[in-house]
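Line by line, the protein sequences give chains A and B. Number 58 in the numbering used here belongs to position 58 of the first sequence; there are no gaps in the numbering. In the numbering used here, each number is its position in the second sequence, counted from 1, plus 301.
Check before you lean on any hint, since a few could be wrong.
What the hints assert, rightly or not - Straight-line C-alpha distance at most 20 Å; calculated SDA-like pairs for lysine to any residue:
1) B:677 <-> B:534
2) B:394 <-> A:234
3) B:534 <-> A:142
To be verified - Derived list of chain B stretches under chain A, where covered just means 3 residues or more per stretch with a C-beta under 8 Å from a C-beta of chain A:
4) 354-361
5) 570-577
Just so you know, the hints here were simulated from the structure itself, not pulled from any lab data. All figures in this text were calculated on a predicted structure; none of them were measured in a lab. C-beta atoms are modelled at their ideal positions from N, C-alpha and C, and glycine is treated no differently.
Given next are the chains, with one letter for each unit.
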Amino acid sequence: MAIFIDLLLNALVIGILLGGFYAALSIGLSITFGLLDVVNIAHPTMLVLGAFIAFLLNSTWGIDPILAGIISTPFFFILGWLIYQVYYNVFEKSGAESLRGLAFFFGLLFIIEVGLIIQFGVDHRLVEAPYIGQSWNIIVGQEIDVAIPFRLLVAFVVAAIATLAIHAYLTKTFFGRAVRAVAQDMMALRLMGVDPIRVKRIAFALGVATAGIGGALMIIVLPIEPSLGRLYLGNVFAIVVLGGLGSISGTLLAAVIIGIAESIVATFFGPSWAPAVSFGILLAVLAFRPEGLFGKTAGAH
Amino acid sequence: MTRILTNRVRVWLLAGLFAASVVLSGSFATTAQAQNKDPIKVGFSMALSGALAGGGQQSLVAIQLWAEDMNKKGGLLGRQVELVFYDDQTNPKNVPGIYSKLLDVDKVDLIVSGYGTNLIAPAMPIAIDREMVFMGLFGMNANAKWEYENYFSILPAGPDPAVGFSEVWFQAVEEKFKPKTIAFIAADAEFAQNLKEGAVRNAEAMGMEIVYEQNYNPKTADFTPILRAANAKKPDAIYIASYPNGSAGLVRALAEVGTDAKAVGGGMVGLQFAGLMAGLGPMLNGIANYDFFVPEPTMNLYPGASDLIDRYQAKVKAENLKVDALGYYLVPWAYANLDILGQAVEAVGSLDQEAIGKYIRDNEFTSVVGKIKFGKNGEWERPRTLVVQYQGIKNNDLQQFATPGTRKILLPADISTGDLQEFNALRK
Numbered sequence: 001m002a003i004f005i006d007l008l009l010n011a012l013v014i015g016i017l018l019g020g021f022y023a024a025l026s027i028g029l030s031i032t033f034g035l036l037d038v039v040n041i042a043h044p045t046m047l048v049l050g051a052f053i054a055f056l057l058n059s060t061w062g063i064d065p066i067l068a069g070i071i072s073t074p075f076f077f078i079l080g081w082l083i084y085q086v087y088y089n090v091f092e093k094s095g096a097e098s099l100r101g102l103a104f105f106f107g108l109l110f111i112i113e114v115g116l117i118i119q120f121g122v123d124h125r126l127v128e129a130p131y132i133g134q135s136w137n138i139i140v141g142q143e144i145d146v147a148i149p150f151r152l153l154v155a156f157v158v159a160a161i162a163t164l165a166i167h168a169y170l171t172k173t174f175f176g177r178a179v180r181a182v183a184q185d186m187m188a189l190r191l192m193g194v195d196p197i198r199v200k201r202i203a204f205a206l207g208v209a210t211a212g213i214g215g216a217l218m219i220i221v222l223p224i225e226p227s228l229g230r231l232y233l234g235n236v237f238a239i240v241v242l243g244g245l246g247s248i249s250g251t252l253l254a255a256v257i258i259g260i261a262e263s264i265v266a267t268f269f270g271p272s273w274a275p276a277v278s279f280g281i282l283l284a285v286l287a288f289r290p291e292g293l294f295g296k297t298a299g300a301h
Numbered sequence: 302m303t304r305i306l307t308n309r310v311r312v313w314l315l316a317g318l319f320a321a322s323v324v325l326s327g328s329f330a331t332t333a334q335a336q337n338k339d340p341i342k343v344g345f346s347m348a349l350s351g352a353l354a355g356g357g358q359q360s361l362v363a364i365q366l367w368a369e370d371m372n373k374k375g376g377l378l379g380r381q382v383e384l385v386f387y388d389d390q391t392n393p394k395n396v397p398g399i400y401s402k403l404l405d406v407d408k409v410d411l412i413v414s415g416y417g418t419n420l421i422a423p424a425m426p427i428a429i430d431r432e433m434v435f436m437g438l439f440g441m442n443a444n445a446k447w448e449y450e451n452y453f454s455i456l457p458a459g460p461d462p463a464v465g466f467s468e469v470w471f472q473a474v475e476e477k478f479k480p481k482t483i484a485f486i487a488a489d490a491e492f493a494q495n496l497k498e499g500a501v502r503n504a505e506a507m508g509m510e511i512v513y514e515q516n517y518n519p520k521t522a523d524f525t526p527i528l529r530a531a532n533a534k535k536p537d538a539i540y541i542a543s544y545p546n547g548s549a550g551l552v553r554a555l556a557e558v559g560t561d562a563k564a565v566g567g568g569m570v571g572l573q574f575a576g577l578m579a580g581l582g583p584m585l586n587g588i589a590n591y592d593f594f595v596p597e598p599t600m601n602l603y604p605g606a607s608d609l610i611d612r613y614q615a616k617v618k619a620e621n622l623k624v625d626a627l628g629y630y631l632v633p634w635a636y637a638n639l640d641i642l643g644q645a646v647e648a649v650g651s652l653d654q655e656a657i658g659k660y661i662r663d664n665e666f667t668s669v670v671g672k673i674k675f676g677k678n679g680e681w682e683r684p685r686t687l688v689v690q691y692q693g694i695k696n697n698d699l700q701q702f703a704t705p706g707t708r709k710i711l712l713p714a715d716i717s718t719g720d721l722q723e724f725n726a727l728r729k
């Protein structure tokens, strides 16, 4: 029995930590796809770009990866700003459906990936930091102890801070509310005297800016190689949809649910079932609540 | 109305066509002779991106070295060698299309495989259908289903690769610890599954009880739950059949969660790549893993290999190539793969695939990886896999892996440089 409790506790803890990590990967997409309806399919690859930048700073100057992620955030913001400019002028201005922009982001995905291969090669990369490879062992009872790997804990804490910060920004500040307003009704916002395009551009840049810190967390948690973005595409979109388009807190909750589900299934039923369970949960939730966990129902005000 | 083509015009037209065909066939004959000076094209797919690219890229450089060597000596059958290759992105779905293109559009004269079981298997039907000799690079039992007589494997795992690959690991572990229970963790991929099957047979033959046996999905981000679940069954040994990201993830999980097992490792691909070795550093200590070539002083099995590796490392440095800096894992083998094919073509004196295949089947070859004789299903007659244990790794410096001492050879006994120690004894 003790073994069962030990396994369950550890699976829960790892699941929550992993969920925080998944949230950090998905939050940028939650803004760009969830709020702005821009299908930024290149987002996971931008995370990989962020991871490589963190690797570069870490291996050349010994900079801590999280610090590296924070340093690279302004550059990603500018990158997102520029990308949206192009995207808007080519697609949105002419009134094209968001799906047509998909090809644009697909192209961006491959340009970034191949650029990384040319610059860094294809080998797996890792970063060095004092908290990687160690864990915090908490003794709960007889034969029951919980080992919390530092790298997951660090990723979770940073992800939680980032998510709460973005959530606060979007709910408490004027600009944040403008972003949510632009998602609801662009015309009404224009009538209020706010330029919706400027709002969308900055919001998109914010979404891409998360790739800096998100990428740094990625390379702390697992080894990175350029094509990893395509592997995580399904998971990240699933989490955003599960949480509900337009809800940051929904994304966090969805990520934690998926993290816990994967962890528990991997521990008790066999890790090969874990992806099936994650997508199974997504399907089940969408069957009963098509707008996702915290999404707004169509037509609700 | 008059007919356009009167009988006379028709006769002249036919005569003209006949004359033209005679002339043209004559010129085709000279073109065919001129074509004998055209390059011989060798076609293959290779993992230049994706999960196995660390191995694929170094293999490509080795193959390019072979082509350079051949062309310096005057080429193959007096014709220059030209390589035609495409990136399969470590995606098996890309392979059939690539080989169809190589054979039908690029019209290559010879084909060899990409790197790894997963990328060899999808090409087998095409090679068989076109009756081409097919050299396989590091394929685990790729020919077991087909029993194609013109497939030849470069993998020193012996006649029953899945068993031979892990045999030495089990021998070393059994000799030292006599484990009663064992746990298996394997990736959900063809190579790892084949390897695990063979390892399970070895374990059962030695009377070990299998207390845990699970597969993981390649997308798994964190391996601590899997390791904990395996540890809960208190195994004496843990055999892992994994690909690079899983290998790295499990090494980290071992550092974070620990284990009471006395022997850990076995079939972890990727721990031989320079980037991962340097990145994981001291976390590798204690892991006993398979390998093929390590810079230990007793590695005189392969006299030509050290020179080739020196040339490879020099080329990587000189051209600033973004590939594995050390090249121990695949370079000698990828070179041998082409070298043997080249030797057979020269010996036969033509590109007749049947004759080439028969020659390879009937003869023993000397190459940079020593003497090779192919047996049943194109596998090696004798296994020559090593089992090594990571010991004494101090930090993340790559140089320590280029010198003796960090990977002690446990078996084969005649080149052994160290003893197997308990996993936890080597962890601080």
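Hint check results:
no.: 1; hint: B:677 <-> B:534; in the structure: violated, 39 Å
no.: 2; hint: B:394 <-> A:234; in the structure: holds, 19 Å
no.: 3; hint: B:534 <-> A:142; in the structure: holds, 17 Å
no.: 4; hint: 354-361; in the structure: holds (count 4)
no.: 5; hint: 570-577; in the structure: holds (count 5)
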